[in-house]
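> Once you have looked at the hints, place chain B on chain A.
So you can see what is in the structure, the chains are spelled out below.
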Amino acid sequence: MKFLMKLLKRREVVVVLLLAIVVAVVGAINPVFVRPATLIDIVTSALILILLGVGESFVIITRGIDVSVGAVMGFAAVCLGLAANAGLSVPLSFGIAVLAGLVAGAISGAGVAFFKVPPIIMTLGTMGVLRGLMPVMTGGSWIDAVPQTVKNFAAARFLGLPATIWITLAIVIVTTIVLRRVRVARYFYPVGDNEEGAFLLGIPVAATKFAAYVISGGFAGIAAIFFVSQLSFVPMQAGSGQEMRAVAASVLGGVSLAGGLGTPIAPLVGGVFLTAIDSILVFLKVPAFWNDAVAGAILLAVVLFDYKIRTMMENEKKKARMLGRASGGLSGGLASGRKPADAQEGLR
Amino acid sequence: MSLKNVFKRWEFILLVLIVAELAFFGILSPGFLNLGNLLYSTNDFAHVLIVAIPFTLVVITGGIDISVPSTMGLVSIIFGLTWKFAGFPIWLAVIAALGTGILAGAINGLFVANTDINPIVLTLGTQFLYSGLATGLSGSIGASGYNGIGGFPDGFNNLAYGMVFGLPNALVFSLLFAAAIGVFLAKTSTGRSLYLVGVNRNAALFSGIKVKRSTVTTYVLTGLGAAVAGIYLTAYFTSSRSDIGHDALMPILTAVVLGGTDINGGAGTILGTIIAAVLLGYLKQGLMTIGVTSDVSQVMVGIILIVTIVGKVLAGNAAQARLNRAALKKIGSS
Chain A
1 MKFLMKLLKR REVVVVLLLA IVVAVVGAIN PVFVRPATLI DIVTSALILI LLGVGESFVI
61 ITRGIDVSVG AVMGFAAVCL GLAANAGLSV PLSFGIAVLA GLVAGAISGA GVAFFKVPPI
121 IMTLGTMGVL RGLMPVMTGG SWIDAVPQTV KNFAAARFLG LPATIWITLA IVIVTTIVLR
181 RVRVARYFYP VGDNEEGAFL LGIPVAATKF AAYVISGGFA GIAAIFFVSQ LSFVPMQAGS
241 GQEMRAVAAS VLGGVSLAGG LGTPIAPLVG GVFLTAIDSI LVFLKVPAFW NDAVAGAILL
301 AVVLFDYKIR TMMENEKKKA RMLGRASGGL SGGLASGRKP ADAQEGLR
Chain B
1 MSLKNVFKRW EFILLVLIVA ELAFFGILSP GFLNLGNLLY STNDFAHVLI VAIPFTLVVI
61 TGGIDISVPS TMGLVSIIFG LTWKFAGFPI WLAVIAALGT GILAGAINGL FVANTDINPI
121 VLTLGTQFLY SGLATGLSGS IGASGYNGIG GFPDGFNNLA YGMVFGLPNA LVFSLLFAAA
181 IGVFLAKTST GRSLYLVGVN RNAALFSGIK VKRSTVTTYV LTGLGAAVAG IYLTAYFTSS
241 RSDIGHDALM PILTAVVLGG TDINGGAGTI LGTIIAAVLL GYLKQGLMTI GVTSDVSQVM
301 VGIILIVTIV GKVLAGNAAQ ARLNRAALKK IGSS
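Protein sequences, first through last, are from chains A and B.
Using this note's numbering, you'd call the opening residue of the first sequence number 1 and step up by one each time.
Using this note's numbering, you'd call the opening residue of the second sequence number 1 and step up by one each time.
Be careful, since some hints might not be right.
Unchecked claim - Okay, derived cross-link-like pairs now, DSSO-like style, lysine-lysine, Cα gap no bigger than 27 Å in a straight line:
#1 B:8 - B:312
#2 B:284 - A:318
#3 A:308 - A:319
#4 A:116 - B:212
#5 A:317 - B:284
#6 A:318 - B:187
#7 A:308 - A:318
#8 B:329 - B:312
#9 B:8 - B:329
#10 A:319 - B:212
#11 B:212 - A:308
#12 B:284 - B:312
#13 B:8 - B:187
#14 B:210 - A:308
#15 A:116 - B:210
#16 B:187 - B:210
#17 B:212 - B:187
#18 B:8 - B:210
No wet-lab data here; the hints were simulated from the structure.
One chain only, chain B, in its complex shape:
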């Protein structure tokens, strides 16, 4: 890729925005630009990052998974339940929780792959189902409300606060996960086929791509991501609750779309998603440091989302018009 193309890429623009953002908050509040501080604060949005990565794959295939937040809650409850009430050792409870997330994703994927029902409708149904199971399970053991199930060993809670090589655990995991999924998407034939599935499912089917299998894979990976995020949040809050991550859908979807993934499918990169998630995460942190309340920052995030997409649409239209004019000129001169 030539250097000029690098500058034109959406990911590059997002990177420039991050730098501008850090500079802006750094000037307003010099304490903000502390490397340790910046690294540590990724803990506050690591769950968004972890889910947004596989979620990108789902959106690339033209799908969507509304049920992600309720999967996180269900995973958290299953973890607490198996540890405290079934007497599982922590590692087995973690495996049970991961299995729950994978199963939840597989159910979504199988429904989406085997019917022509809109994924929004299907995952809306499973969203109610999973969150209902989570509240039902936590309610029947008397752990409803904000207390949830707690008292996990420190070793587990430290998962969320510990460091490896001077980096927070969650950040390290996110980057490794992103690298794995990014390689899968860009370098394997199954990964690349996801784009075709998103552009034209029938064409993909007729070119011999195993559309069903790829579709299920994307949802299973998203379920896995939601499970990891659910376990992470459980450690972060040191208690397992059915409503963990309940407001995560909007930031996740914002990160994916802001990262350049086409909500109609067929385009998107993991790199874009990561950069956008970090951009949004630091935006929230930065606004908080300069004393903007979380309500106002929510308004600003909403406006930024809309303005960015409108800008992208207008820029796309302008580029198309330029191409059309150029093509017309060519025809005229020949």
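One chain only, chain A, in its complex shape:
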């Protein structure tokens, strides 16, 4: 029971389990759903959300929020489209997209880290600026007819799967390892968990926050590459609404907006889940308009379930302490490596 509780405390595990159950149930009702082709389709359409979510996670781990990722992706997509149509080579255009993302992220990051603008305000501002800039850059029209060479990127396959899936997986794995193993990369966690404490430890708090937004922008730039090569044109509403979905994917997978908690696995799991809902409803013959309602209900259910589990465990710990097994409870709390209950309460 205790082991089960511990496992259930890992949000990624809960969401993967939930997803497995849902896939099994839907597969039983409509076997077409569990065909590899369908599942690959779902994962492929989740990739952009996953990439945005991975970048978003860096920001959320530092206890910020970036509501500009959708607009940054749209802006980077416009830069890519313009560059490719101007005859620049494909790698160069892709590089420009990532650079555009990094620059946009750097602007948000500078505001938050160096001028202490609250993250939601700063990124809302950059969102407005970038969304307004997009039509100005294109003269108000869509960018269509992106060269075939750009589209080849999304069409490429490797070992039977689209190459884009492999690339995304590689990105998630590499960032996860880097976040676990590289000393500087671990700075994101203390900065999000306890900013003043991190500062007193000598961690460059402002630079770390700045880096989080730059990384978030960079990932939005990569997402733009996927977007343009999948869609082969750039509508003006590219990426609109994606920022909230990116936050939702990260949170669903277990990144805490209280900061200091989460891994890049979270947006992977959460992104696939959110995207799967759309297809699942189609396979259950539920009209597609209900997608968002189901997604919202699931997001709420998961965070509330998580809250219940957390408070239950905290109460257990408190009870244990009251019963005079203080040493046991305390070492248990420390060994599990999680924040003590009151620390989390205070950080809210």
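Positioned in the frame of chain A, the structure of chain B alone reads:
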């Protein structure tokens, strides 16, 4: 309050900015400074004003409500649905719509008050839920897309275009609503307690403030504001659509924050919010009259938001440094 303090207040600075703004656009385009025109054009941003007023309370308590735009859409659809498909008379449909908004706000408030989950996450969830319900409901009756449900009686549509005492209905309502909420915030003990809740929730709890009740109240009022705004927009566009107000979150939040409310809670006034909303509304109108496209004006609003906040932060830091120096000097001389 002494006169000197009035000049130092943020609201006063905002007022000066409005005057400067009107003068600027008036010089560039003399037709802009027409009183009737200026009053009538408040109709274009009245929905922002109506929601920003109670939204200020939520932000003062340290919360936020991302779900406001989708509440507006849901309210609009419920209104159209109950009128056209359930055969409600207009007044009953309006009550049903208002009830929907209050319920949506109450759900947000109850979730926020009873858990320690970040309000952004909770209202993000309800945002998807409400907008999903709105698109779901409108889709299942075949009213999706841009047409929505229309054909309301003229008497209803005139709500958005009518006048009382020579002022547009929506403006009159906004001012009355603002006065009511402003009095509640500044003159009642529950209203004042919101500031303490925003500064330190635990301290508020231990001083016997009914934190849960105050929190729920702020979200319910915001739901009510969103409902009124949703109904207003339905009349304004003469059709009920699930995507009504979908881009309103940014101007609402901008108005609240530009109005001087601290996004981390604990500070803010209704007056500031109103002035900021009007400032932003006229900025958009003015830019439009001098031929700036809405895209460029969006860029400018974003930049203004950022520059204002950066300026406020820097000014605050400078003031703090001055205080610190003064304090050090005092210690040195004693």
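> Each hint needs a verdict: does it hold in this structure or not?
Tested hints:
no. : hint          : verdict
1   : B:8 - B:312   : holds (13 Å)
2   : B:284 - A:318 : violated (55 Å)
3   : A:308 - A:319 : holds (16 Å)
4   : A:116 - B:212 : violated (30 Å)
5   : A:317 - B:284 : violated (56 Å)
6   : A:318 - B:187 : violated (41 Å)
7   : A:308 - A:318 : holds (15 Å)
8   : B:329 - B:312 : holds (26 Å)
9   : B:8 - B:329   : holds (25 Å)
10  : A:319 - B:212 : holds (25 Å)
11  : B:212 - A:308 : holds (18 Å)
12  : B:284 - B:312 : holds (22 Å)
13  : B:8 - B:187   : holds (22 Å)
14  : B:210 - A:308 : holds (23 Å)
15  : A:116 - B:210 : violated (32 Å)
16  : B:187 - B:210 : holds (17 Å)
17  : B:212 - B:187 : holds (20 Å)
18  : B:8 - B:210   : violated (34 Å)
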